[in-house]
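From first to last, the protein sequence lines are chains C and V. FYI, in this note's numbering the residues of the first sequence are 1 to 267. FYI, in this note's numbering the residues of the second sequence are 268 to 593.
Derived by calculation from the structure, the hints in this document are not laboratory data. Think of the CB as a built atom: it goes at the ideal place given N, C-alpha and C, for glycine as much as any other residue. Since no wrong hints were added, every one of them can be taken at face value.
Partial list, derived from the structure: chain C residues whose beta carbon lies under 8 Å from chain V:
1. A10
2. S11
3. M96
4. L98
5. M99
In silico negatives: residues of chain C with every beta carbon more than 10 Å from chain V:
6. G57
7. L130
8. V241
Straight-line Cα separation of at most 25 Å, DMTMM-like style, residue types lysine to aspartate or glutamate; simulated pairs:
9. K402/V with D416/V
10. K553/V with D581/V
11. K553/V with D580/V
12. K444/V with E399/V
13. K402/V with E97/C
14. K553/V with E489/V
15. K535/V with D566/V
16. K306/V with E91/C
17. K402/V with E6/C
18. K444/V with D410/V
19. K493/V with D456/V
20. K444/V with E97/C
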Amino acid sequence: MRRYVEFYLASMRVSILSQIQYRVANYFYMIGMITEPVIYLVVWSTIARQQGGVTGGYTPGTFAAYYIVWTLVRNMNIVFTPYGWEWRIREGNLSMELMRPMHPIHSDIAFFAGWKFVVILLWLPLAVFLTWVFKPTIDVTWLEVVVFFLAIWGAYLIRTMLLSLIGMITFWTTRVSAIFELYFGLELILSGRLVPLTLMPPWVQNLSAYLPFKWTFFFPIDALVGSMSPRELWTGIGMQVLWIVIGASFLNVVWRSAVRQFSAVGG
Amino acid sequence: MSSVITISKLAKHYQVPEREGGLKAAITSLFKRKYRTVKAVDGISFNIEPGEVVGFLGPNGAGKTTTLKMLSGLLHPTSGEVSVMGYEPRHRSHDYLRQITLVMGNRNQLTWDLPALDSFDLQRAIYGIPVEQFKRTRDEFIDLLELKDLVNKPVRNLSLGERMKMEFVVALLHRPKVLFLDEPTIGLDVTMQRRIRTFVAEYNRRYNATVLLTSHYMADVEALCKRVIVIHHGRILFDGDLSTLVNQFSSYKTLSLTLPNPEVDLVKYGEVISREDGRVTLRVPKAQTSQVTARLLSDFQVDDLTVEDAPVDDVIDQVFSQKEAA
Numbered sequence: 001m002r003r004y005v006e007f008y009l010a011s012m013r014v015s016i017l018s019q020i021q022y023r024v025a026n027y028f029y030m031i032g033m034i035t036e037p038v039i040y041l042v043v044w045s046t047i048a049r050q051q052g053g054v055t056g057g058y059t060p061g062t063f064a065a066y067y068i069v070w071t072l073v074r075n076m077n078i079v080f081t082p083y084g085w086e087w088r089i090r091e092g093n094l095s096m097e098l099m100r101p102m103h104p105i106h107s108d109i110a111f112f113a114g115w116k117f118v119v120i121l122l123w124l125p126l127a128v129f130l131t132w133v134f135k136p137t138i139d140v141t142w143l144e145v146v147v148f149f150l151a152i153w154g155a156y157l158i159r160t161m162l163l164s165l166i167g168m169i170t171f172w173t174t175r176v177s178a179i180f181e182l183y184f185g186l187e188l189i190l191s192g193r194l195v196p197l198t199l200m201p202p203w204v205q206n207l208s209a210y211l212p213f214k215w216t217f218f219f220p221i222d223a224l225v226g227s228m229s230p231r232e233l234w235t236g237i238g239m240q241v242l243w244i245v246i247g248a249s250f251l252n253v254v255w256r257s258a259v260r261q262f263s264a265v266g267g
Numbered sequence: 268m269s270s271v272i273t274i275s276k277l278a279k280h281y282q283v284p285e286r287e288g289g290l291k292a293a294i295t296s297l298f299k300r301k302y303r304t305v306k307a308v309d310g311i312s313f314n315i316e317p318g319e320v321v322g323f324l325g326p327n328g329a330g331k332t333t334t335l336k337m338l339s340g341l342l343h344p345t346s347g348e349v350s351v352m353g354y355e356p357r358h359r360s361h362d363y364l365r366q367i368t369l370v371m372g373n374r375n376q377l378t379w380d381l382p383a384l385d386s387f388d389l390q391r392a393i394y395g396i397p398v399e400q401f402k403r404t405r406d407e408f409i410d411l412l413e414l415k416d417l418v419n420k421p422v423r424n425l426s427l428g429e430r431m432k433m434e435f436v437v438a439l440l441h442r443p444k445v446l447f448l449d450e451p452t453i454g455l456d457v458t459m460q461r462r463i464r465t466f467v468a469e470y471n472r473r474y475n476a477t478v479l480l481t482s483h484y485m486a487d488v489e490a491l492c493k494r495v496i497v498i499h500h501g502r503i504l505f506d507g508d509l510s511t512l513v514n515q516f517s518s519y520k521t522l523s524l525t526l527p528n529p530e531v532d533l534v535k536y537g538e539v540i541s542r543e544d545g546r547v548t549l550r551v552p553k554a555q556t557s558q559v560t561a562r563l564l565s566d567f568q569v570d571d572l573t574v575e576d577a578p579v580d581d582v583i584d585q586v587f588s589q590k591e592a593a
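I would like the entire structure built from these sequences, with the hints used as guidance.
Rendered as structure tokens:
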């Protein structure tokens, strides 16, 4: 256990130092990324104003809060993508990772976790700017802040598991992009990324309750900007833990099979 | 003494899809695929004793890397048995991985944007190396490879040779007992190759590590390996001392002589390979070496004469061509 803690700390440190080298590139990347939520925000704020100031319980101010927090959650949700798996197998880097006495997933989680600290630092001025422009309405309690902090890391882990599972398809086929695009489409609709889930039809909301996507976007954002009860907040964290466990279990099973495949054909 | 590496009838066969070019063949292959079996490794057996440094030689596609990958657990054998220090490599148990290393000349483990010291520290965490041992080993390797002025430079600013030396430090920080080295000096200049060879030899001496080395540079093999295993088309052609290989397969020797008049006609004594700075090099059939030497000494005023075995590169070529012909 101690070895893993030391590894995570060392790897996160290396990641932070690497990302600081590319701070300007990271900043431009983040600025580019806020285009998406700003478009959603402008569209929904306009609709809310046209409907007398409120739509689906959201005012322009609460929409602003939702999408500003969205920008941080989105950055926290960046993980090692299926394209990364494709690359590491094609280039033979997986072989070197398999030679380590440690599952490669730890390396992925630790590296991107380190990046998050850089991202949060870079996000703060952007959040201040967006707040100044869009005037969000937000009223938070300490419990919501604590749950939000836990939930963004939970979202990160759930998405890591899901995209690693998709990435492992590359052990059998080198073309994973079609499945990734399908995942991306489902996530857009069922996660709260495109629009707060409470604005979606009831059947979409019901469906999303049984799928992992909601816990990677809507839940963390709503934990901070919504008005969930303490029970709902902790239940949400519990659901995230459940999806992390389910994801990790699937990952373990698929990984064993994937490594057998890799060991049969080489890389 | 029990062997560190034991391989028995080890084989790795691949099913490779194949089809002819053209649209018709492409459509046909959608419904009926043809496969060909490629025997990358075809029933090889050998043992390696503790502390041995063995050269694993063969042309491209001979099965060297496939064997090294099976030994390191990256590939599962099709048949046969492999045991390294009593472990079955294909299980890739963490205990096993902590005691071996695989260095591939075209792969790297260093973080590109950071000084190598940061990669060393990460490696310490991965292998759970005690801090004191880590510092001692790191400093020892930095000293041996003369890296003191380079470890603080970002890896991207290092030359290929400097990076390779750093790769060796990273790969050996956990002090593995068995080293699988796959073309570790590929692309390096002569000086850097020599430095790497010296380092491997020193590591072997200090830690009694067992080394299996593939290299296309015979200088690596000559400097490090007493024993060589020659593999071709997945089968072992020779396993024994390098000197035996040279004796067994070399059909000629090289005579170098310094003459007052180096332009003299020497065709009747052997094949003239070169004439440089007053020194003539002749290739002479091995069986006639003594006779030709005696004739040269009696026919000319020879200032200096040396007789050498054929270069190992030529001997290896000879092995392959003899076996191909057979």
